[in-house]
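Heads up: the protein sequence lines correspond to chains A and B, in order. Using this note's numbering, the first residue of the first sequence is number 1, and each one after it goes up by one. Using this note's numbering, the first residue of the second sequence is number 1001, and each one after it goes up by one.
Keep in mind the hints are simulated off the structure, nothing from the lab. C-beta atoms are modelled at their ideal positions from N, C-alpha and C, and glycine is treated no differently. A couple of the hints might just be wrong.
Claimed, not checked - Below, a list of computed lysine-lysine pairs in the DSBU-like style, where the Cα atoms sit at most 30 Å apart:
hint : chain 1 : residue 1 : chain 2 : residue 2
1    : B       : Lys1427   : A       : Lys30
2    : B       : Lys1122   : B       : Lys1010
3    : B       : Lys1163   : A       : Lys427
4    : B       : Lys1711   : B       : Lys1484
5    : B       : Lys1030   : A       : Lys350
6    : A       : Lys273    : B       : Lys1626
7    : B       : Lys1312   : A       : Lys626
8    : A       : Lys67     : A       : Lys122
9    : A       : Lys43     : B       : Lys1369
10   : A       : Lys163    : B       : Lys1427
11   : B       : Lys1119   : A       : Lys350
12   : B       : Lys1369   : A       : Lys61
13   : A       : Lys427    : B       : Lys1413
14   : B       : Lys1369   : A       : Lys186
15   : B       : Lys1349   : A       : Lys119
16   : A       : Lys576    : A       : Lys548
17   : A       : Lys98     : A       : Lys64
18   : B       : Lys1427   : A       : Lys43
19   : B       : Lys1186   : A       : Lys369
Stated by the list, open to error - Computed, partial: chain B to chain A, Cβ under 8 Å:
hint : residue
20   : Tyr1223
21   : Asp1328
22   : Thr1355
23   : Gln1396
24   : Met1398
25   : Gly1425
26   : Arg1648
27   : Ile1652
Here are the chains, one letter per residue:
2 protein chains.
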Amino acid sequence: MDELQILRQKNLETIFHPESIAIIGTNRVKGTVPHDILDNILKADFNGIVYPVSPREKSIKGLKAYKYVIDVPDEIDLAILVFPSSVCHLALEQCGKKGIKSVIIISAGFKEVGEAGLKREKQLIEIARKYDMSLIGPNCLGVINTAPETNINASFAREMPEKGNIGFLSQSGALCTAVLDYARAKHIGFSKFISFGNKADISEIDLLYYLMNDDETKVILVYLEEIVDGVALMKAAREVLEKSGKPILVIKSGRTEEGASAAASHTGSLTGKDEICDAAFEQAGIIRCDNIEEMFNKAIAFTYQPVPVSEKVAIITNAGGPGVLTTDAAISRGLKLAKFSDETTAILKKALPATANINNPVDVIGDAKSDRYLVAIEAAFRDPDVAGVFVILTPQSMTDIDAIATDITRIAKNQTKPIYASFMGEKDVASGIDILQQHRIPHYSLPESMCMAFQAVYLFHTNLKLKAHRIPVLKNIQQEVARKLMDNYSSNGREFISEVESIELLQTYGMPVPQGKLARSAEEAVTTAEEIGYPVVLKVVSDEIIHKTEVKGVELNVGSAQEVRNAFERIRSNAKSIMPGATITGAYVTPMISGGEEVILGIKRDPLFGPVLMFGLGGIFVEIFKDISFGIAPLSYDEAMHMIENTRAFEILRGSRGHSPRDIASIVDALLRLGQLALDFPEIEELDINPLFVLNEGEGCVVGDARIIVKLS
Amino acid sequence: MDELQILRQKNLETIFHPESIAIIGTNRVKGTVPHDILDNILKADFNGIVYPVSPREKSIKGLKAYKYVIDVPDEIDLAILVFPSSVCHLALEQCGKKGIKSVIIISAGFKEVGEAGLKREKQLIEIARKYDMSLIGPNCLGVINTAPETNINASFAREMPEKGNIGFLSQSGALCTAVLDYARAKHIGFSKFISFGNKADISEIDLLYYLMNDDETKVILVYLEEIVDGVALMKAAREVLEKSGKPILVIKSGRTEEGASAAASHTGSLTGKDEICDAAFEQAGIIRCDNIEEMFNKAIAFTYQPVPVSEKVAIITNAGGPGVLTTDAAISRGLKLAKFSDETTAILKKALPATANINNPVDVIGDAKSDRYLVAIEAAFRDPDVAGVFVILTPQSMTDIDAIATDITRIAKNQTKPIYASFMGEKDVASGIDILQQHRIPHYSLPESMCMAFQAVYLFHTNLKLKAHRIPVLKNIQQEVARKLMDNYSSNGREFISEVESIELLQTYGMPVPQGKLARSAEEAVTTAEEIGYPVVLKVVSDEIIHKTEVKGVELNVGSAQEVRNAFERIRSNAKSIMPGATITGAYVTPMISGGEEVILGIKRDPLFGPVLMFGLGGIFVEIFKDISFGIAPLSYDEAMHMIENTRAFEILRGSRGHSPRDIASIVDALLRLGQLALDFPEIEELDINPLFVLNEGEGCVVGDARIIVKLS
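Please model the entire structure based on the sequences and the hints provided.
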């Protein structure tokens, strides 16, 4: 953490636990933001002193009002600014002079409105730096802390949410109102609720670090519209995971190009490729969600119930159809149906009517009342193969919905296994659902959502056990030699580095390059071919020729000295006739490799996450099937392995279905080395190894062709 | 339609519009099914006469009760049976004698409880046949008709639903209660609501035909657990579509193997492959849904609003974030953002504040009241590029939610473009959502659901225009010759038909087979090779050898007479040494085809849908990428084409990305011919053409290898 970050952590402490607050720019007009903020703080029973600051009023809501913040006779921990944007800087300057370190700027009219606003925003930052202040906002809804010792609702939300274990961070203020309304209806409580708006100073990254250490928070939810520093975000997420084990769920909008451009016009931000964002989140252990509902569906599963030890569930239903639908949903989400022990089956057989289904999914039959549900749920909980229980209910005329709900909340107590419920319908089941929600039993209107939530919790904890971002130390890396080569290549201002040079560079990073040589004449080509042994490959070498096959500049499987001569001349004359302007340096002579599986490795530079590695199977697999995976450097061994496993290509490489197993370990090693190269040479904008020949297990791999594009600054 | 089907249609008319009903087995015990059914009929204000039939009571609920149905002095149109299953047949026999033609059997305890129940069910059918009766059930919730001239709630549902245009059919009674509860909360109305239970007599197919002609029904929803006759279901769905244009939405549970086996234990039904069910539904124009929510989300879009003329929408929001999320959802669903005209932009610019976003998605900004929404929605409706309007709302403190909802319902009147809404949150927005739902404005809590529903309506109507299931008449089909061949092959009880014979058979159906011959000696092989020209392929021929490569029985690219001799001997000795027991007939000599794209065609027999055709790209594409598509025979030209387009292989075949365009029309022709073959020869259990070489556009295709498995009865 740098000094600024440490300062922010300190000031965040004051934002969440102030003993005194000044509300600067408040007024007496009900229904306006300046008034409602003061009103909300008073209504929430804040445990400290509130000072209204208003240029016009002498008192507001029974409190003495001060003209300027500087006039307040006591010390102030936190200032909330609700002035028009044009005068915010004046008030902030005063805050600085008054020694206030923590400021929430609610006011809009900054970066989000364009150039003039951005200028005003920068001005605020300058003032903040001068006085060691930290800012939340501008252009935000404010901050809520439900901790009873503080009880602060420094926002213009309609109502204070319930207390709970969810920390919620949002870049969009407007979305917060929908979230609070949604949560209130479902009794979902929050520990901290922060709308951070334009994140001019304090960002989601500072807040992640803060919530990592916040005992009240068990799960962190983030709504993001722009990522400013992807690398820092990944670092913070990893640290939260390692140190606290708290799951981080993020909605990042702008998945599609159109969405991203709508977001950009809204936040003025850069956007990278969404697949890369997916890859980065996965590496950092962030659970990406598509919408508010999905996020909360998962969040309640994380905070309300124990962690399942396996993916095996018991389904208990009073209707066959929904039981089948839930089974479908479970299997589709990678869950399994638990296999009941003889004991469980015996209990169910004894307690349930003959027409009931005593296997999993258990059907207690339409006329079931709470007694049958109770027996079935208890039996399922006791069964050793069951890791979690799903209760499905349809409202038959005799179903005692509330009693069943109450029983569930009672049985769930002191269980080490989770229980989720889905009461299908809406009106008749509403009171039952309310009972469940009040008692922290996750309820889902759809079986799909239930299974998705269970899967998220299970996978998170399984991965957590495996996760440790250890970056391996690589041997045979000659960084200084590589630096000299690179400086040399780009000394003449070239942005394209050809095959021969690229391979030379790759060799310095311990990559498996072919034993080849540049031949400037046909006779040199023959000499090289004799050295490395037939058959060989000849490829045209020219600074101007990027696509060698397009100039018919590649000859494969060349088997004798005479063939080498012919091939050399053919290549030269083809290239000359198709690209008359190109200077032909000669031909690159390498061994002909056959029998290898062809894959593609690459480096790309992402504007948000920096050096991105790419892996895929060659040819039409990448083109047609988009069978590619991404990873952000530096990679751990597991992450590199995961990149390969994440493609369908993996099935081929590991040797299923009649294919011989390939040397996957050597691809992992190559990916790790490429990652190091990408980090060490930020000027590499793009690097393609296409193909990399992967030989049989234990035999390694060989670079078939390579090219690099550098960006000269 | 056969006679029985015609009878059922006639009797269904009485089921939905009876003038007199007998409720057989009813009683005075509130909260039991026999009582509640009578109670529901009376409560719903049925426009006819009700006769309770009860062995014990003299009167029930003020109505005179009869001991036996035969005792009722008047004519009875409809009987509802709620007796225990053991005595139902006695009551049904009496109904027959009384001349009642339409019977709903609510009672459970039949097929669904196993052998004894199935026997009872068969007994019911026999009685029904004897008296020309039609039955709904047994084991069902009953039937509801909201038409005011009838007003019948012959079910034990908790409450009568609202009147509307949705016809709902369900195999699961229990699910119906959840559906009714869900619908009631959202003001979703029904025209007919039918729980058909075990479908011993009347099935979803009869009901589809009935609802096709029912003026009150605009969209048909079906929940199915088992398909008994897939071909009849497809036929009915096609007819509904062609004659009435009514969309059919179906949930078919048992998508996964586990789900299917849970369904099978529940219904005792056969199940086919789920992918084939998907293909069949698509061909028949059925919209398959995964759950109740998805089904109703789409159903209200179909019934409440006009059909969009294009996929271009306008999004109007008071919050940037949700606007971006909706844009993402729209694009992901194949929708587009409409491009506003200058006029629209000018109107928005004038009416909205400077900080608003006047491009699509339009952001009317958090403090917007109904006036701004009104301007934006009206402008969007008028814009020629906009085919539909999505209104997004988040509950800010100043948002006049109900006023905005009311405005939407008002503007939507007399529009030819659809408008959908998503009011995000839950509690604060509830009254606004209720206003929308009462006035038939489709409301979705998630932007994803909104876009999915819009897409479903748009695609349905686009496809409807294209759809016409015309089965082409194929030339060069020698069915009689093929029949003789087939009888000859299978005369000795063989189930496996080898390559040479399969190709012979395929030729009689006009399939593009290679010019090849069976050679019984090396010299015969040379003669054939000389006839067809080098290079050739030699493949072992033996009735016992199914996998030729496994015995090293294939030699490719054989270039001369001497090579042919060597290849013949090699094949023979390889096969002999690897499968010593096999009788080697000789070698099949065919031209060596190179440069073609290899695809796979096949026939499979599905237990539900019959002859299924398969298409995919060869080799690892099928194995690893599962790039296969299915189609049910007979195929129309468009359907065969669609099978190819439905695979990723299509991109390769049509010649994108450096591949030369292939003769796709010849694959279509081959698929159509295979479909005909599959229909004409029901004994073909499996047929594989692997590979089919597809040559360049205009050059056709050639069968590379083929084998057939027949099922001898």
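Taking the hints in turn, this is what the structure says about them:
A C-alpha spacing of about 22 Å is found between Lys1427 (chain B) and Lys30 (chain A), which places the hinted pair at or below 30 Å, so the restraint holds. Distance restraint check for Lys1122 (chain B) and Lys1010 (chain B): the Cα-Cα separation of roughly 22 Å lies within the 30 Å cut-off, and the hinted pair is therefore satisfied. With a C-alpha separation of about 18 Å, the suggested pair Lys1163 (chain B) and Lys427 (chain A) falls inside the 30 Å cut-off, and the hint holds. For the hint pairing Lys1711 (chain B) with Lys1484 (chain B), the CA-to-CA distance comes to about 17 Å; that is within 30 Å, so the pair holds.
For the given pair, Lys1030 (chain B) sits about 28 Å from Lys350 (chain A) by alpha-carbon distance, which is consistent with the 30 Å threshold. Note on Lys273 (chain A) and Lys1626 (chain B): the hinted pairing holds, with a Cα-Cα distance of about 27 Å set against a maximum of 30 Å. The hinted pair formed by Lys1312 (chain B) and Lys626 (chain A) meets the criterion: a straight-line CA distance of about 27 Å does not exceed 30 Å. Our distance criterion of 30 Å between C-alpha atoms is met by Lys67 (chain A) and Lys122 (chain A), whose separation comes to about 26 Å.
Between Lys43 (chain A) and Lys1369 (chain B), the direct Cα distance comes to roughly 26 Å. Compliance with the 30 Å bound is thereby established for this hinted pair. The hinted pair formed by Lys163 (chain A) and Lys1427 (chain B) meets the criterion: a straight-line CA distance of about 18 Å does not exceed 30 Å. Distance hint between Lys1119 (chain B) and Lys350 (chain A) is fulfilled; the C-alpha atoms sit about 26 Å from each other, no more than 30 Å. For the hint linking Lys1369 (chain B) to Lys61 (chain A), the alpha-carbon distance of about 27 Å falls within 30 Å, and the restraint holds.
Straight-line distance between C-alpha atoms of Lys427 (chain A) and Lys1413 (chain B) comes to about 28 Å, which keeps the hinted pair within the 30 Å bound. Distance hint between Lys1369 (chain B) and Lys186 (chain A) is fulfilled; the C-alpha atoms sit about 27 Å from each other, no more than 30 Å. Distance hint between Lys1349 (chain B) and Lys119 (chain A) is fulfilled; the C-alpha atoms sit about 24 Å from each other, no more than 30 Å. Annotation: proposed proximity of Lys576 (chain A) to Lys548 (chain A) holds, straight-line Cα distance about 12 Å (limit 30 Å).
With a C-alpha separation of about 18 Å, the suggested pairing of Lys98 (chain A) with Lys64 (chain A) holds against the 30 Å cut-off. Of the pairs offered as hints, the one joining Lys1427 (chain B) and Lys43 (chain A) holds, with about 20 Å between alpha carbons and a cut-off of 30 Å not exceeded. Between Lys1186 (chain B) and Lys369 (chain A) the CA atoms are separated by roughly 27 Å; this keeps the pair inside 30 Å, and the hint holds. Taken as an interface hint, Tyr1223 (chain B) checks out: its beta carbon lies about 7 Å from the nearest beta carbon of chain A, inside 8 Å.
At its closest, the beta carbon of Asp1328 (chain B) sits 4 Å from a beta carbon of chain A; the interface hint therefore holds under the 8 Å criterion. Residue-level restraint check for Thr1355 (chain B) holds (minimum Cβ-Cβ distance to chain A is 5 Å; threshold 8 Å). Contact between Gln1396 (chain B) and chain A, as hinted, is supported at the beta carbon level, the nearest pair being about 5 Å apart and thus within 8 Å. Below 8 Å, beta-carbon pairs count as interface contacts, and Met1398 (chain B) has one with chain A at about 6 Å; its hint therefore holds.
Nearest Cβ of chain A to the Cβ of Gly1425 (chain B): about 3 Å, under the 8 Å cut. The hint holds. Because the closest C-beta pair between Arg1648 (chain B) and chain A is about 5 Å apart, less than 8 Å, the hint holds. For the restraint placing Ile1652 (chain B) at the interface with chain A, the shortest Cβ-Cβ distance is roughly 6 Å, inside the 8 Å limit, so the hint holds.
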